[in-house]
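**Q** Sequence:
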Amino acid sequence: MRRVFFLALLAIVAGILSTPLHAQTLEAGTWFGSMQPPETPEPFRIGYEVSYDGDVMRIVALGGENSLVLNEARFEDGNLVYWFQPGPRVDCVLEPDGKDTYAGDCSDTDGATGQMMITRDESMVAGLKSVEEMEGGEGGAD
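Just so you know, my numbering puts 46 at position 46 of the sequence shown, and the rest follows in order with no gaps.
Bear in mind the hints are in silico, worked out from the structure with no lab data behind them. Where is the CB? At the ideal position from N, CA and C, for every residue including glycine. Please note that the accuracy of each hint is not assured.
[What the hints assert, rightly or not] Taking CB as the label site, the calculated pair distances span:
| hint | residue 1 | residue 2 | range |
| --- | --- | --- | --- |
| 1 | R74 | T113 | 19 to 27 angstroms |
| 2 | P88 | E122 | 26 to 34 angstroms |
| 3 | N71 | G111 | 27 to 35 angstroms |
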């Protein structure tokens with residue numbers, strides 16, 4: 001009887017341990033977040049659209065009229081990693097920071113570092129200014 005119990009326990013543990021880290025995903029849909037480029041005094045609010053093309057995760061960052069494709073978005077060792085351009089290539093590593101939240105540094109090829117955060121919890125970015133507000137266009141006056 002002990003042997004059957006041990007084998008069953010071993011099978012359960014093996015199943016848990018064999019779950020690949022790359023199986024970690026973000027739920028498709030709208031996410032919230034922030035971006036703080038290097039030498040910017042405070043972060044600003046942005047949005048994200050997460051989708052999938054088969055097993056390939058696609059993330060687009062949205063700020064005002066602008067969009068930015070986050071290339072090769074994937075999980076490595078539990079961290080969300082991706083890179084983006086235009087300009088110098090910027091590589092990002094966002095670590096888990098609570099439920100459905102990832103935050104971390106983004107560094108360009110010149111060594112300048114900023115921060116980005118992505119979350120499902122809109123309240124985490126509610127107090128931040130939007131891209132338009134940061135640029136001084138709070139109401140769209142032309």
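**Q** Tell me the numbers of any earlier hints that the structure contravenes, in ascending order.
**A** 3
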